[in-house]
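For the sequence shown, position 3 (counting from the first letter as 1) is numbered 3 according to my numbering, and the numbering increases by one without interruption.
A couple of the hints might just be wrong.
[Unchecked claim] SDA-like mimics (lysine to any residue), calculated; alpha carbons at most 25 Å apart, straight line: (1) K76 / A56; (2) K33 / G53; (3) K76 / A46; (4) K76 / A49; (5) K76 / E41; (6) K76 / Q13; (7) K33 / D88; (8) K26 / R6; (9) K26 / L69; (10) K26 / A52; (11) K76 / R89; (12) K30 / A52; (13) K33 / L72; (14) K30 / A56; (15) K99 / L73; (16) K76 / A29; (17) K30 / L51; (18) K33 / V78; (19) K76 / G92; (20) K76 / S94; (21) K30 / L73; (22) K26 / T5; (23) K30 / L15; (24) K76 / E57; (25) K26 / A50.
Since the hints were made in silico from the structure, they are not lab data.
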Amino acid sequence: MDTLTRLEATIAQRLQASPETSYVAKLHAKGLKTIAQKLGEEATEAVIAALAGDEAELVGEAADLLFHLMVLLAEKGVTLEQVLAELDRREGVSGLAEKAARSE
1 MDTLTRLEAT IAQRLQASPE TSYVAKLHAK GLKTIAQKLG EEATEAVIAA LAGDEAELVG
61 EAADLLFHLM VLLAEKGVTL EQVLAELDRR EGVSGLAEKA ARSE
């Protein structure tokens, strides 16, 4: 089992935990809007770290971003398998062609 799969399983368990004992449960209790806002904050922090040129900070912010994205996916009932299947579907397709196909 890889890191993201283990993380997905941990997040699923913690969604059922008490908000007093679990950060994931606390986010879940606050709802989708709060989770989405937190994801946006983490994305912004990753961009700032990238622009600042601090590799260690970028690694940390990227981990935070992936974690919060996975919390959002779990909140919406979207599995990592679904996301990976979409990435597989796009593999070998030009990014420009894929984007153009979405806007049709």
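Verification of the supplied hints:
no., hint, in the structure
1, K76 / A56, "violated, 31 Å"
2, K33 / G53, "violated, 31 Å"
3, K76 / A46, "holds, 23 Å"
4, K76 / A49, "violated, 28 Å"
5, K76 / E41, "holds, 19 Å"
6, K76 / Q13, "holds, 15 Å"
7, K33 / D88, "violated, 29 Å"
8, K26 / R6, "holds, 20 Å"
9, K26 / L69, "holds, 15 Å"
10, K26 / A52, "violated, 31 Å"
11, K76 / R89, "holds, 21 Å"
12, K30 / A52, "violated, 32 Å"
13, K33 / L72, "holds, 10 Å"
14, K30 / A56, "violated, 30 Å"
15, K99 / L73, "holds, 22 Å"
16, K76 / A29, "holds, 13 Å"
17, K30 / L51, "violated, 31 Å"
18, K33 / V78, "holds, 16 Å"
19, K76 / G92, "violated, 28 Å"
20, K76 / S94, "violated, 29 Å"
21, K30 / L73, "holds, 15 Å"
22, K26 / T5, "holds, 21 Å"
23, K30 / L15, "holds, 12 Å"
24, K76 / E57, "violated, 29 Å"
25, K26 / A50, "violated, 29 Å"
The structure shown violates the earlier hints numbered 1, 2, 4, 7, 10, 12, 14, 17, 19, 20, 24, 25.
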